[in-house]
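S.K.: Chains A and B, in that order, give the protein sequences.
With our numbering applied, the first sequence covers 109 to 640.
With our numbering applied, the second sequence covers 110 to 256.
Calculated from the structure, these hints are not laboratory results.
Ideal Cβ positions, reconstructed from N, Cα and C, are used throughout, including at glycine.
Watch out, some of these pointers could steer you wrong.
Calculated lysine-lysine pairs in the DSBU-like style (CA-CA distance at most 30 Å, straight line) [stated by the list, open to error]:
#1 B:Lys214 <-> A:Lys220
#2 A:Lys489 <-> A:Lys550
#3 B:Lys214 <-> A:Lys550
#4 A:Lys489 <-> A:Lys220
#5 A:Lys220 <-> A:Lys550
Cβ-to-Cβ under 7 Å is the rule here; a few derived chain A residues that face chain B [said to hold, decoys possible]:
#6 Met195
#7 Asn331
#8 Leu334
#9 Leu348
#10 Gly351
Facing chain A, a subset of chain B residues (Cβ under 10 Å, in silico) [stated by the list, open to error]:
#11 Gln134
#12 Ser171
#13 Met178
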Amino acid sequence: MVTTSAAVTDNFSLQLTFVLFLSVVVATLFTALLTAPQRDEIGEFYLGNRTMSPLRNGLAMCGDYLSAATLLGSTGLVALTGYDGLMYLGGTTVAWMMVMLLIAEPLRRTGKFTLGDTVALRMPRQQRPVRLALAVCTLAVATLYLVAQLVGSVALLTQFTGEPSPATRTLCVVVIGTIVIMYASLGGMPGATVIQIIKAVMLVVGITVTAGWVLHRFDWNPNTLLSAAADRSGNGLQFLEPGLRYGASTTSKLDFFSLELAIVLGLAALPHVLMRLLAPRSVGVLRSSVVWAVGLVGLVCFAAGIVGLGATAVVGRETIADTDRTGNASVLLLAHELGGGVLTALLSCLAFVTLLAVAAGLTLAAASSLAHDLYGEVIRKGRASEREELTVARLAGVLIGVLGMLLALVAWGANSATLAFLAFAIAASALLPTLVYSLFWKRFTAKGALLSLYGGLISSVLLVVFSPVVSSTPTSIYPTSDFAWFPLQNPGIVSIPAGFLLGWLGTVLSDRRESAPYEEFEVRMLVGAADE
Amino acid sequence: MPEFSPWPDDSSAFHAPQSRPISPQQISHDPEFRSLRRARLRFATRATALSVGAFLLYVLLSSFAPGVMNEPLIGHFTLGLALGLGQFVVMAVTAWRYATYMRTKVDPLADHFRSQLRHEPLRPRPAAQAQTPAPAQAQGTRGFPTW
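Can you build the whole structure from these sequences, using the hints too?
M.R.: Structure (structure tokens):
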């Protein structure tokens with residue numbers, strides 16, 4: 109993946125990064141342990157400190173939502189492909205609109221700890237099979253995205269040390285994975301919140317300052333920045349026009365649209381983001397938090413676009429592409445050029461902390477789903493004590509962390525963006541239809557939920573298996589064989605409609621009497637519960 | 110009618126004076142609840158269609174009508190880049206409209222129905238309530254740590 113690397117940083121910034129990263133980790137672990145649930149109270153473990161102010165909640169949401177892929181991957185995409193990369197950043201921002209307008213408040217009013225609780229409130233009699241299906245889909249999405257984060261940590265390390273030896277690689281994944289498990293299993297939601305907020309503050313400040321620095325260098329004149337970027341992009345003005353990356357053929361254009369669809373719809377259904385929405389104390393606090401998050405996410409994406417353009421304008425496309433073919437190194441190269449070793453170290457520390465925070469949120473969300481939906485409701489049929497469920501949740505966190513580490517070690521060469529995109533596609537085609545139908549469709553039945561959950565999961569996985577990602581091109585996992593009859597790398601354009609269609613079909617085919625009463629649920633969704 | 114009146118507010122003839130909490134089913138059939146539901150859903154679908162739809166349309170236009178998007182405006186700013194910036198403006202306006210709409214149109218009605226569920230003495234109807242400072246707001250700024 110990476111050709112030359114040691115060029116990104118010198119020894120000084122490597123050491124500084126290490127020291128900074130270590131101090132952030134030690135400080136946050138310490139705080140996480142201090143704020144960890146003291147009593148065996150399951151609500152505190154799942155939801156954390158519920159008296160946080162809207163700004164803090166918004167920061168935590170922003171922290172959960174923006175991963176290292178946005179910081180390194182998207183800026184790299186902007187640096188290499190200009191306009192097409194900017195569209196990708198826009199998708200990340202717009203996806204938060206779905207959360208705000210459609211999902212946040214109804215989910216908060218009808219939910220308790222997991223997505224399964226909302227669906228169980230909607231169809232109480234058939235909740236067990238649906239909870240099982242939800243747990244399976246949540247686990248699939250969270251594990252894939254977790255592996256993407258861990259693989260990303262190896263890729264990040266590569267930029268410091270060059271191609272790492274197997275021992276370094278294993279050490280990196282194991283160390284990051286262990287810290288993630290400690291945040292999630294020991295700290296629970298309070299611990300995850302601490303790291304999310306610290307990461308979000310670092311991210312917002314770091315990227316805004318870098319963007320300001322870039323603009324300052326171009327005399328605060330965006331036109332100068334654009335022309336310098338176009339000059340040094342090696343593509344001239346084409347850099348500022350659509351099509352550099354995805355414009356080769358109709359297939360690649362459709363592929364890009366498919367990706368945008370999965371991002372816009374899938375980010376809104378990621379389990380750790382949904383879980384975060386349940387944390388605020390009241391709907392009023394939730395609303396202000398979500399609006400704060402709109403501003404923060406928008407600001408970070410906007411600044412990331414400027415940083416990406418600045419990387420091309422200052423460093424030049426050739427150096428960026430030579431260092432790392434995917435462009436992931438662009439931010440660090442730019443930092444080195446602008447602020448020397450110190451800024452590089454700050455931004456790489458930020459990248460590692462970002463990885464860590466998102467991975468901790470994911471592990472926690474998957475562990476809650478396993479403990480609450482699978483263990484508490486399906487296996488123990490609601491008879492588990494709080495203490496028992498809490499123990500299972502902690503163990504599940506360890507289990508998922510270890511599973512993620514093992515998969516990351518096997519798939520360390522995989523492209524972390526591809527893994528993340530598959531996770532978005534599954535979230536958009538399996539979790540989103542069930543969520544939206546449960547909230548808003550009167551007739552929705554358990555049969556529809558099961559069909560859309562399993563159908564969405566299977567269709568997106570199968571489409572990727574038979575796509576160029578797995579076979580037929582030189583960059584595939586099996587480059588020598590060819591069973592890729594599906595031409596697109598991103599399954600969203602087919603699997604998302606399939607998920608919605610299957611949910612509709614399952615509902616229409618089931619007996620009208622199977623529809624659970626919707627009135628009470630609807631009143632609760634729009635008005636709230638009596639004891640709220 | 111004073112707020113502490115023991116008699117329920119019967120300005121809406123639909124509710125008989127009660128001595129027990131109203132069930133969610135009863136609320137569900139209240140015409141006012143239906144209009145609340147309609148308004149809430151209509152706003153959510155319209156705003157989502159507008160903001161998400163505008164973005165997906167922008168992606169499609171960029172992919173399949175690059176000629177239009179490459180129209181230069183000022184310097185290196187093309188129509189496409191300007192529309193891209195416009196997405197952020199659309200988002201900001203949507204978020205602002207959403208917060209205002211929910212606060213002024215949805216919350217008063219929802220609070221009203223919730224107090225009925227709880228069987229509290231009924232508050233004055235939303236129209237009267239709108240003049241008093243909204244309690245949810247005061248609650249939001251108090252009781253939190255300092256930042």
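S.K.: Look at each hint and say if it fits the structure.
M.R.: Going down the list of hints, with the structure as the test:
1. B:Lys214 <-> A:Lys220: 26 Å, holds
2. A:Lys489 <-> A:Lys550: Holds - the C-alpha atoms of Lys550 of chain A and Lys489 of chain A are around 26 Å apart, at most 30 Å.
3. B:Lys214 <-> A:Lys550: The given pair, whose Cα atoms are some 24 Å apart, holds under the 30 Å limit.
4. A:Lys489 <-> A:Lys220: 17 Å, holds
5. A:Lys220 <-> A:Lys550: 21 Å, holds
6. Met195: 6 Å, holds
7. Asn331: Result: holds, 4 Å to nearest chain B Cβ.
8. Leu334: Holds, because the Cβ-Cβ distance from Leu334 of chain A to chain B comes to roughly 4 Å (cut-off 7 Å).
9. Leu348: Holds: closest Cβ of chain B sits about 6 Å from Leu348 of chain A, inside 7 Å.
10. Gly351: Status holds, d = 6 Å.
11. Gln134: Holds, about 5 Å.
12. Ser171: 4 Å, holds
13. Met178: 6 Å, holds
Going down the numbered hints, you'll see the structure goes against none, and every one checks out.
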